[in-house]
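Visitor: This is what each chain is made of:
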Amino acid sequence: MKIHQLTYIAYCLKMDIFFYITAFVTLFSTIMVITRHNPVHALLYLVISLLSLSVIFFLLGAPFVALLEIIIYAGAIMVLFIFVIMLLNLGKETAAQEKAWLKPKIWIGPVILSTILLAELVYLITMAQPPSYTLQTVDSKAVAISLFGPYLIGVELAAMLLMAGVVGTAHIGQQKKTVLHRFLKEEEPS
Amino acid sequence: MSGNDFIALSPLLLLTGSSVLIMLLIALKLSHRNIQLSSLLLFILAFFSLFYEPDVSPHHIEPLLVVDRFAVFIMGLIIFSGLVVNILSYIYFEEKEEGPKEYYVLLFLCTLGACVLATSKHFISLFLGLEILTVGLYALIAYLKARHHNIEAGIKYLVLAAFSSAFLLFGMALIYLQTGSMEFSIIGRSLHSLPSLPPLFLTGLGMMLVGVGFKLAVVPFHMWTADVYQGAPTPVTSFIATVSKGGVIAVLLRFFIVIDGFRFSPLMLMLMSIAIASMIVGNLLALQQKNVKRILAYSSIAHLGYLLVALIPGSVMSIQAVSFYLAAYFITILTAFGIMTILSTKENDAEDIESYKALFWKHPLLACIFSAALLSLAGIPLTAGFVGKFFILAASLQAGFWMIAFVLVIGSVIGLYYYLRIISKMFSGRGGVPRKEQRSHPVFYLVSVIVLSLLTLFIIWFGVYPSGLIYFVDYFRLNM
Numbered sequence: 010m011k012i013h014q015l016t017y018i019a020y021c022l023k024m025d026i027f028f029y030i031t032a033f034v035t036l037f038s039t040i041m042v043i044t045r046h047n048p049v050h051a052l053l054y055l056v057i058s059l060l061s062l063s064v065i066f067f068l069l070g071a072p073f074v075a076l077l078e079i080i081i082y083a084g085a086i087m088v089l090f091i092f093v094i095m096l097l098n099l100g101k102e103t104a105a106q107e108k109a110w111l112k113p114k115i116w117i118g119p120v121i122l123s124t125i126l127l128a129e130l131v132y133l134i135t136m137a138q139p140p141s142y143t144l145q146t147v148d149s150k151a152v153a154i155s156l157f158g159p160y161l162i163g164v165e166l167a168a169m170l171l172m173a174g175v176v177g178t179a180h181i182g183q184q185k186k187t188v189l190h191r192f193l194k195e196e197e198p199s
Numbered sequence: 013m014s015g016n017d018f019i020a021l022s023p024l025l026l027l028t029g030s031s032v033l034i035m036l037l038i039a040l041k042l043s044h045r046n047i048q049l050s051s052l053l054l055f056i057l058a059f060f061s062l063f064y065e066p067d068v069s070p071h072h073i074e075p076l077l078v079v080d081r082f083a084v085f086i087m088g089l090i091i092f093s094g095l096v097v098n099i100l101s102y103i104y105f106e107e108k109e110e111g112p113k114e115y116y117v118l119l120f121l122c123t124l125g126a127c128v129l130a131t132s133k134h135f136i137s138l139f140l141g142l143e144i145l146t147v148g149l150y151a152l153i154a155y156l157k158a159r160h161h162n163i164e165a166g167i168k169y170l171v172l173a174a175f176s177s178a179f180l181l182f183g184m185a186l187i188y189l190q191t192g193s194m195e196f197s198i199i200g201r202s203l204h205s206l207p208s209l210p211p212l213f214l215t216g217l218g219m220m221l222v223g224v225g226f227k228l229a230v231v232p233f234h235m236w237t238a239d240v241y242q243g244a245p246t247p248v249t250s251f252i253a254t255v256s257k258g259g260v261i262a263v264l265l266r267f268f269i270v271i272d273g274f275r276f277s278p279l280m281l282m283l284m285s286i287a288i289a290s291m292i293v294g295n296l297l298a299l300q301q302k303n304v305k306r307i308l309a310y311s312s313i314a315h316l317g318y319l320l321v322a323l324i325p326g327s328v329m330s331i332q333a334v335s336f337y338l339a340a341y342f343i344t345i346l347t348a349f350g351i352m353t354i355l356s357t358k359e360n361d362a363e364d365i366e367s368y369k370a371l372f373w374k375h376p377l378l379a380c381i382f383s384a385a386l387l388s389l390a391g392i393p394l395t396a397g398f399v400g401k402f403f404i405l406a407a408s409l410q411a412g413f414w415m416i417a418f419v420l421v422i423g424s425v426i427g428l429y430y431y432l433r434i435i436s437k438m439f440s441g442r443g444g445v446p447r448k449e450q451r452s453h454p455v456f457y458l459v460s461v462i463v464l465s466l467l468t469l470f471i472i473w474f475g476v477y478p479s480g481l482i483y484f485v486d487y488f489r490l491n492m
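Taken in sequence, the protein lines are chains Y and C.
Heads up: the first sequence begins at 10 in our numbering, then just goes up one per residue.
Heads up: the second sequence begins at 13 in our numbering, then just goes up one per residue.
Bound conformation, chain Y alone (with noise of 0.2 angstroms):
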C-alpha cells in the first residue's frame, strides 16, 4: 500500500515537473511572439507557442483537444499565415519601423501596471484552496458524445456563429470592380 502511494506521488511530481517545463515553454515563445521584429520569426514563436500549449492539453488529459490544436492552430492556420506574410514580402522598412514604435519609454508603463495585475492575480489564485480535480481521459469518442449529446444545441448554435462571420465576411470582403476608362466598363446586367 505504501510504495502504491509512494509510486503515486513520484508520479504526480514527474508530471508537475513536466507541466512547468511545458508552461515555460509556452510563456516564453509568447513573450518572443510579441517582442520578435520580424513577422516571420514571430510567427515561428507562435507555432512553438500553439505546440506547447497542445501538449498542456495532453498532461491534462486531452489528447483529442491536443491533436486538434497541432491539426487545426499550428497546421492549417498557422501554414497560412505563414504564407500570406511571405507573399507580402515584408522587410527591413517594417522591422525599422517596429523598432522605432518599440521603444523602451512607450511599453515600459503599461508593463509596470500589467505586471502589478498579474501579481495579483497569481496571489488570489495561490490564496484560495487549491482545487483538487480528478485525472481521467477525455478521448475524441467523450467529445463527440458530448456534443451531439447533451450539447446539440451548442453545435446548432455555433453553425449559426460561424454563418454570421461568413455573411459578415463576404459582404466586407466583395468588391466592386474599379473602372479605369469608361471603353472599358462591361455592360451592367440589368
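No wet-lab data here; the hints were simulated from the structure.
Hints are not guaranteed to be accurate.
To be verified - Residues from chain Y that keep clear of chain C, each with C-beta distances beyond 12 angstroms, as calculated:
hint, residue
1, Leu22
2, Val34
3, Asn47
4, Ala51
5, Leu59
6, Ser61
7, Lys101
8, Ala104
9, Lys108
10, Pro113
11, Ala173
12, Gln184
Stated by the list, open to error - Within a straight-line C-alpha distance of at most 20 angstroms, the following computed SDA-like cross-link-like pairs (lysine to any residue) qualify:
hint, chain 1, residue 1, chain 2, residue 2
13, C, Lys168, Y, Gly174
14, C, Lys41, Y, Gln183
15, C, Lys157, Y, Phe73
16, C, Lys108, Y, Ala179
17, C, Lys157, Y, Gln183
18, C, Lys108, Y, Ile181
19, Y, Lys150, Y, Phe73
20, C, Lys41, Y, Ile181
21, C, Lys157, Y, Gly182
22, C, Lys108, Y, Gln183
23, C, Lys108, Y, Phe73
24, C, Lys157, Y, Val175
25, C, Lys108, Y, Gly182
To be verified - Here are a few chain Y residues that face chain C, going by a calculated C-beta distance under 8 angstroms:
hint, residue
26, Pro48
27, Val49
28, Leu77
29, Ile81
30, Ile162
31, Gly163
32, Gly174
33, His180
Every residue, glycine too, gets a C-beta built ideally from N, C-alpha and C.
Assemble chain C onto chain Y, guided by the hints.
Guide: Below, chain C without anything else, positioned relative to chain Y:
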C-alpha cells in the same frame, strides 16, 4: 428533444430558419423590397410564435437553455425591436451605395444571438449567444464599407469585443475551476453553503463583469460607445442600443438571481461602483457633445447605469423595475433613432445637432415624436421614462440604497440639460416656407412614420396609465 421542446424553442428555430431562408432568397436575386418584406413577415411570425409558448413555466431544455416567462418577455422585446429596426432599414439602405441584402440575414442572426442570451442558463449558451450577436454586429457596423467612419467603428468594435470576450472566457474558466460546473443552478448550489465568496470565484466573476460590462458599455468599459454609435449606420445603432444590451442585461439578471449574488457584499460593491460611475460619467460626457448620435451614446451609458441601480437590490420589485425600464427604454430609443433614420439623407446621417434646427417648423410631426422620445429619455412626467425611473427609485429606496438613488437623481438632472438642448434647437428659428420635398419611397416613409407614431403613443400611454405594463411586467417576472 421532445415535441414540447420544439414548441418552446420555436422563436429561436424560426429566427434561425429565417436567416437561412433569406439567404436563399438572396441567391434567387430578389429585389431589396421583396427581401425586406419577406424578412418583415418572418419577424412578425417569430414575434407571434411567442404567444404559443407553453405556459408551464419554466421549461428547461437541458443543459443549455430555459424558457420561462421572463425569457419570453425579453425575447418579445428583442424580436419587437428587430422588427422595428427592420422596417426602418428600408429607406435608410435603399438610398445607400451598398447592396443591402445581406443586412437582413445578419439582422436575423443578431436577434437570434440576443434571444439565446435571454434564454441561456449555462456558460456555453451564454458565450455562443454573445458571440453570434457580436460577430453579426461587426459586419453590421462596418456595413457601408466605403465610408471611413463605418470601417473605423467596425474595427474598434472588433478589437475591443474580441478582447472583452477573452476576459469573459477567462472568468468562466476560473469559475468552472472553483465550482466544477458551468450551469448557473449548480454554481448557485455550490455557493449555497458558503458565507462569503471564494477569492477564485470573485476573480472569475470580476473578469466576467469586464466582458459583460463591455457589451453593456458601462464605465469604465465605455470607450468604444460614442465612436461606434456615430460610425455605425443609424438603424444598426438603434439595434446596438436596444437588442445587444437587453439580451446581456437579461442573462446578467438571471445569473445573479440563480447564484443569489446579492448577498455577497464585494459583488454588490463592484456593481454599485460601476453603476455610480456610469451615471456620472455618461451624463457629464454627453454635456459637451455636438453630435446627436454621440449624445445618445453617452446617455445610453447613463441609462445602463440606471438599469444597474434597479438590479442591485435584488428584490422582487427590482426585477419588475428592470423589466419595466427595459421596455420603456427600448421603445424610447427605437423612436429616437427612428427619427434620425428618417431624416438621414443619401450622403450623410442626420447626426449634427445643427441639422435639427427649426425642425418643428419643417416637419411638425417628426419634431413632436422626437421631443416625446427625448423627454421620455430625460424622465419627464407623463412619459414611460418617468415611470421607469420612478420604479427604479422606489426599488432602490425600498432596499435602503440611498446613495445610488441620490446619484440617479443628480444624473437625471444633468441629463435634462442635453436633452432639452436638442429640443430647444428643434423649436428655435423660423423655418420659412416649408418646401415640398419629393420623397423617393413615399409608402415606406409613411409606414415608418406610422410605426414611430405608434411607438410615441406607447411612450405616452405607459407614462399616463402604467398599470397595464406593470401588470404585464409582473406576470412575466423572473421567478426567484
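Visitor: Taking 20 angstroms as the top limit, are the C-alpha atoms of Lys150(Y) and Phe73(Y) close enough?
Guide: Distance of about 9 angstroms is within 20 angstroms: holds.
Visitor: Since Leu59(Y) was said not to touch the interface, does its Cβ keep a gap of more than 12 angstroms from each Cβ of chain C?
Guide: Correct as stated: the minimum Cβ-Cβ distance to chain C is 16 angstroms, above 12 angstroms.
Visitor: Hint check: Lys41(C) vs Gln183(Y), CA-CA at most 20 angstroms. Holds or violated?
Guide: holds (16 angstroms)
Visitor: Any Cβ of chain C at or closer than 12 angstroms to Ala173(Y), or is the non-interface label fine?
Guide: violated (4 angstroms)
Visitor: Checking hints one by one. Is Ile81(Y) an interface residue toward chain C, by the C-beta closer than 8 angstroms rule?
Guide: violated (17 angstroms)
Visitor: With d taken as the least Cβ-Cβ distance between Gln184(Y) and chain C, does d exceed 12 angstroms?
Guide: violated (9 angstroms)
Visitor: With d taken as the least Cβ-Cβ distance between Ala51(Y) and chain C, does d exceed 12 angstroms?
Guide: holds (19 angstroms)
Visitor: Within a Cα-Cα threshold of 20 angstroms, do Lys108(C) and Gln183(Y) meet the stated pairing?
Guide: holds (16 angstroms)
Visitor: Is the straight-line distance between the alpha-carbon of Lys108(C) and that of Ile181(Y) 20 angstroms or less?
Guide: holds (15 angstroms)
Visitor: When the nearest CB of chain C is found for His180(Y), is that gap smaller than 8 angstroms?
Guide: With a closest approach of 5 angstroms, the His180(Y) hint holds.
Visitor: Holds or violated: Leu77(Y) as interface residue toward chain C, Cβ cutoff 8 angstroms?
Guide: violated (17 angstroms)
Visitor: Please verify whether Lys108(C) and Ala179(Y) have alpha carbons no more than 20 angstroms apart.
Guide: Given that 20 angstroms is the threshold and the Cα spacing comes to 18 angstroms, the pair holds.
Figure legend: structure checked against the earlier numbered hints; hints not met, in rising order: 11, 12, 15, 23, 26, 27, 28, 29.
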